[in-house]
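Number of protein chains: 2
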Amino acid sequence: MKKYRILLALFVFVGIISCKEDLKSLPVQPKALTVSDPLPSWNDGKTKNDIIAFVKKVTTEGTEDFVPVEDRIATFDNDGTLWAEQPLYFQLFYALDQIKVMAPEHPEWKTTEPFKSVLENDMEGVLKSGKEGLVKIGIVSSTNVDVETFKESVKQWMATAKHPRFDQPYSKVVYQPMLELLDYLKANGFTNFIVSGGDIDFMRAWATETYGIPSYQIVGSSLKSAFDNTDAKASIIRLPAEEFADRGDGKPIAISKHIGKKPILAAGNSDGDLQMLQYTDSNKYPSIKMFVHHTDEVREWAYDRNSPIGGLNEGLDEAIAKNWTIADMKNDWNTIFPFEN
Amino acid sequence: MKKYRILLALFVFVGIISCKEDLKSLPVQPKALTVSDPLPSWNDGKTKNDIIAFVKKVTTEGTEDFVPVEDRIATFDNDGTLWAEQPLYFQLFYALDQIKVMAPEHPEWKTTEPFKSVLENDMEGVLKSGKEGLVKIGIVSSTNVDVETFKESVKQWMATAKHPRFDQPYSKVVYQPMLELLDYLKANGFTNFIVSGGDIDFMRAWATETYGIPSYQIVGSSLKSAFDNTDAKASIIRLPAEEFADRGDGKPIAISKHIGKKPILAAGNSDGDLQMLQYTDSNKYPSIKMFVHHTDEVREWAYDRNSPIGGLNEGLDEAIAKNWTIADMKNDWNTIFPFEN
Chain A
4 MKKYRILLAL FVFVGIISCK EDLKSLPVQP KALTVSDPLP SWNDGKTKND
54 IIAFVKKVTT EGTEDFVPVE DRIATFDNDG TLWAEQPLYF QLFYALDQIK
104 VMAPEHPEWK TTEPFKSVLE NDMEGVLKSG KEGLVKIGIV SSTNVDVETF
154 KESVKQWMAT AKHPRFDQPY SKVVYQPMLE LLDYLKANGF TNFIVSGGDI
204 DFMRAWATET YGIPSYQIVG SSLKSAFDNT DAKASIIRLP AEEFADRGDG
254 KPIAISKHIG KKPILAAGNS DGDLQMLQYT DSNKYPSIKM FVHHTDEVRE
304 WAYDRNSPIG GLNEGLDEAI AKNWTIADMK NDWNTIFPFE N
Chain B
4 MKKYRILLAL FVFVGIISCK EDLKSLPVQP KALTVSDPLP SWNDGKTKND
54 IIAFVKKVTT EGTEDFVPVE DRIATFDNDG TLWAEQPLYF QLFYALDQIK
104 VMAPEHPEWK TTEPFKSVLE NDMEGVLKSG KEGLVKIGIV SSTNVDVETF
154 KESVKQWMAT AKHPRFDQPY SKVVYQPMLE LLDYLKANGF TNFIVSGGDI
204 DFMRAWATET YGIPSYQIVG SSLKSAFDNT DAKASIIRLP AEEFADRGDG
254 KPIAISKHIG KKPILAAGNS DGDLQMLQYT DSNKYPSIKM FVHHTDEVRE
304 WAYDRNSPIG GLNEGLDEAI AKNWTIADMK NDWNTIFPFE N
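From first to last, the protein sequence lines stand for chains A and B. Just add 3 to wherever you are in the first sequence, counting from 1, and you've got the working numbering. Just add 3 to wherever you are in the second sequence, counting from 1, and you've got the working numbering.
Among the clues, some could well be false.
Identical chains share a label here; the pair holds if one copy fits it or two copies do between them.
[Stated by the list, open to error] Derived pair list, reagent style DSBU-like, types lysine-lysine, alpha-carbon separation capped at 30 Å: (1) Lys189 / Lys139; (2) Lys103 / Lys49; (3) Lys264 / Lys236; (4) Lys165 / Lys131; (5) Lys103 / Lys333; (6) Lys227 / Lys264; (7) Lys287 / Lys227.
Don't read these hints as lab results, they were simulated from the structure.
Throw the hints in and build the complete structure from the sequences for me.
Structure (structure tokens):
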């Protein structure tokens, strides 16, 4: 447990969900034949009905619940909400792999910790190097580099690295029902944003292609940076110091700063997303606050309270108390990953 | 001169252009009859030709200069580039007027500086209160308030306040040729952003309506902020401390943070915009770097080198040396403000 917390200290990330109290879905409603189901990976039931009813409500002109297109803002956490985050936040795998990529130019790493352990795939050894070692891995792998070069490196990694459990590229370890939700919202005039605890540049390297969301609709944690115009090759350098942590209170602050409007739909999966949902709940328009609940230990993972990654405690209490929307992975999703099909 | 510099210290703003060396426009080209001129307020000549040739070039598929829609990013400074900035940055007028709006609840201001002078329209007196007095005006008028309330206040001001010289609402003291350029770019698949030294919340209160640019495409300077969920009325509070100054090096840093791509077109008018233009110049795609040059002392103002507001020194040197685009207000624009028509 503790070792994961140490890993967390390294990067600026967020969390998850999954709880003991199973939220019973309502009896399946007889579904009218429709030309196309916008959310085919969602089982019929309360959650799916609530989403579709909400979208219909806010897009029907002439009613008091109508929301103009420019105010149809939707914000999504990433880790644990749009893609998986077990057994570790995927960005951590990038950092470890990047050390291996850089190793040929650093022969001394063969005998220097924490690099030696990384190169020998010895996770025990890596963690034994403590916070200091992990910070070294983070700095060496992801900072003191210009943004474009960093993003290019992440892109190359995404094109080749595979998730340890599913043996699939990380860009495929995303939730098919959430991809459908993004598409459905977009088709209904929503503007989708990612508001993630993950590094903003890390995400922009792949998230546009994966989710169909432009770089300027991707918000995340960030490092301090500097403008460098040496030899008139202007670039932005990622400095080895955190500037902004996009989690907890940081999420509504980031939404205010980057978007300038309150969302009418927000989805998260951990206590780090709670404030974003509270902010959304204060919208003058009708709104949906959704937690993705990790309840499927067979197809994905089951975790929530006191989970070292993606813990969901007060968030779950508040969601239940306020009757927010819970996407129960086991019961609400007939497909979890696109590669299942 | 000095008094303006003090005023500048109060807010987080930017600058301008205008220089002695008149840049001769090329002889007017015979213009082919076209169904519609996308830039009717621009005189025929090199500047207009360059802009139109650039847009045609980057939007023509199958050529090596073609730029995909998602990379057609254009960034615009605001003060002095999209709207005027004389005799003072307009946001300063808001702060002074706001003191008057708040005065009925502060009877003590009638006898307390700097408020006494503000209420008596005594600019000499206001400036005599020095930086300390001006900081007080800034804090009282624009901080310790939630973002939504602040924006509402700015909206009300924009609906009623008039520019001292033109007796027009500030939202009309914008450059007609630049409005046309924004529309022309948008019609050609560009995504327009404002990247201003002005306060991000101040601008979002009116710039969407004025320029047709959504709030999340408006970037600016910002204050520190806090999330407040008292009584479950979640809001973001503007704290009395600067967080980010969006000028100079700050502009490319803000572009990297908010947009995540280098622009292919950037327009500014002061040395505070130079780094944004340098950043744009380093794009792998063809790009336009434009300075709006304030050369018309009759219809607008003429100023550039050593101007207390909107000074343009190194920027103008670099623009001339590198053959960047200069929009000479006197020669290139047949109309400056929409209310002229």
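Quick rundown of the hints versus the structure:
no. : hint            : result
1   : Lys189 / Lys139 : neither (41 Å within a copy, 45 Å between copies)
2   : Lys103 / Lys49  : neither (47 Å within a copy, 53 Å between copies)
3   : Lys264 / Lys236 : between (35 Å within a copy, 15 Å between copies)
4   : Lys165 / Lys131 : within (25 Å within a copy, 66 Å between copies)
5   : Lys103 / Lys333 : neither (37 Å within a copy, 59 Å between copies)
6   : Lys227 / Lys264 : both (25 Å within a copy, 17 Å between copies)
7   : Lys287 / Lys227 : between (35 Å within a copy, 25 Å between copies)
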